[in-house]
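Could you build all of it, start to finish, from the sequences and the hints given here?
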Amino acid sequence: DAKTTQPTSMDCAEGRAANLPCNHSTISGNEYVYWYRQIHSQGPQYIIHGLKNNETNEMASLIITEDRKSSTLILPHATLRDTAVYYCIVRVAGTGANSKLTFGKGITLSVRP
Amino acid sequence: KAGVTQTPRYLIKTRGQQVTLSCSPISGHRSVSWYQQTPGQGLQFLFEYFSETQRNKGNFPGRFSGRQFSNSRSEMNVSTLELGDSALYLCASSLLPSGAGDNYGYTFGSGTRLTVV
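Residue numbers (this note's numbering), protein chains in the order written: chain U, -6 to 106; chain S, -11 to 105.
Hints are computed from structural coordinates only; laboratory data are not their basis.
Be a bit skeptical, because a hint or two may be false.
[As the list claims (entries may be wrong)] Incomplete in silico selection of chain U near chain S, CB under 8 Å: (1) Cys5; (2) Gly8; (3) Gln35; (4) Pro37; (5) His42; (6) Lys93; (7) Leu94; (8) Thr95; (9) Phe96; (10) Lys98.
[Claimed, not checked] Simulated restraints, written as ranges between beta carbons of each label pair: (11) Ile56(U) to Gln6(S): 45 to 51 Å; (12) Gln6(S) to Pro106(U): 44 to 50 Å; (13) Ser2(U) to Gly72(S): 24 to 30 Å; (14) Ser2(U) to Arg(-3)(S): 25 to 31 Å; (15) Pro(-4)(S) to Thr19(U): 36 to 42 Å; (16) Asp4(U) to Glu40(S): 41 to 47 Å; (17) Gln35(U) to Ser10(S): 16 to 22 Å.
[As the list claims (entries may be wrong)] When the alpha-carbon atoms are kept at most 25 Å apart in a straight line, the in silico PhoX-like pairs for lysine-lysine are as follows: (18) Lys(-4)(U) to Lys45(U); (19) Lys62(U) to Lys98(U); (20) Lys62(U) to Lys45(U); (21) Lys45(S) to Lys(-4)(U); (22) Lys45(S) to Lys98(U); (23) Lys(-4)(U) to Lys62(U).
Beta carbons are placed, not taken as given, at the ideal position from N, Cα and C, and that holds for glycine.
Here is the structure:
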């Protein structure tokens, strides 16, 4: 079972920031938070991951709360092409059998013009 | 750099038949994972291979099998197809296996859409 909970859907205006929340209250100390997205009819695309520090790359920023029980993916300037299902995943690194990606239902982000 | 290549893109099979799907990982990637995606169950992990060895397996019946070759290419096979096997089958590659302390994301292919009639 997925160890994260996300809202079912959200929308935002093009050009504005999209803030996608994720709860992972049972996260363990050795589990990372990963974000992937899936645009219709394509394979999931890796966005970003983090352990406890905030992370930023060319696609997005990841903000993890101090207690690590929740996180927020931020798309700073959403475009229509960011319309997709976004998956928040917690995953162990370094322990073999338990480190596979377990996808939940994700959150559908709709970017409106 | 070429991405993950899955062939074929679309496939239609009849119940009872068997099918083989192929995945070529990104050059240099040695780990290949397979996922099944259906509208009802979402994305579900099938298995992972690294250096021709299965390292991890999901909760699927024995009709689902896979293998990896020395060049890291992987195939998955489904025997005695059932209507419920209709799905998008996705392959993902990564530099290292998921248990080796890697901090890398997976790169997914576009998938093979299998329809069983």
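Here is how each hint holds up against the structure:
1. Cys5: 24 Å, violated
2. Gly8: The hint is violated - glycine 8(U) has no Cβ within 8 Å of chain S, the shortest such distance being about 27 Å.
3. Gln35: 6 Å, holds
4. Pro37: 5 Å, holds
5. His42: This interface hint holds because 6 Å falls under the 8 Å limit.
6. Lys93: Where the cut-off is 8 Å and the nearest Cβ of chain S is about 5 Å from lysine 93(U), the hint holds.
7. Leu94: Holds. Min distance 7 Å.
8. Thr95: 7 Å, holds
9. Phe96: At 4 Å from the nearest chain S Cβ, phenylalanine 96(U) passes the 8 Å test, so the hint holds.
10. Lys98: 6 Å, holds
11. Ile56(U) to Gln6(S): 45 to 51 Å: 47 Å, holds
12. Gln6(S) to Pro106(U): 44 to 50 Å: Hint holds: Cβ distance 47 Å, inside 44 to 50 Å.
13. Ser2(U) to Gly72(S): 24 to 30 Å: Holds: the Cβ-Cβ distance is about 27 Å, inside 24 to 30 Å.
14. Ser2(U) to Arg(-3)(S): 25 to 31 Å: The hinted range 25 to 31 Å holds for serine 2(U) and arginine -3(S), with Cβ atoms some 28 Å apart.
15. Pro(-4)(S) to Thr19(U): 36 to 42 Å: 40 Å, holds
16. Asp4(U) to Glu40(S): 41 to 47 Å: 46 Å, holds
17. Gln35(U) to Ser10(S): 16 to 22 Å: Given a distance of about 18 Å, which is inside 16 to 22 Å, the answer is holds.
18. Lys(-4)(U) to Lys45(U): Holds - the C-alpha atoms of lysine 45(U) and lysine -4(U) are around 17 Å apart, at most 25 Å.
19. Lys62(U) to Lys98(U): 19 Å, holds
20. Lys62(U) to Lys45(U): 10 Å, holds
21. Lys45(S) to Lys(-4)(U): 19 Å, holds
22. Lys45(S) to Lys98(U): 21 Å, holds
23. Lys(-4)(U) to Lys62(U): Holds, at roughly 11 Å.
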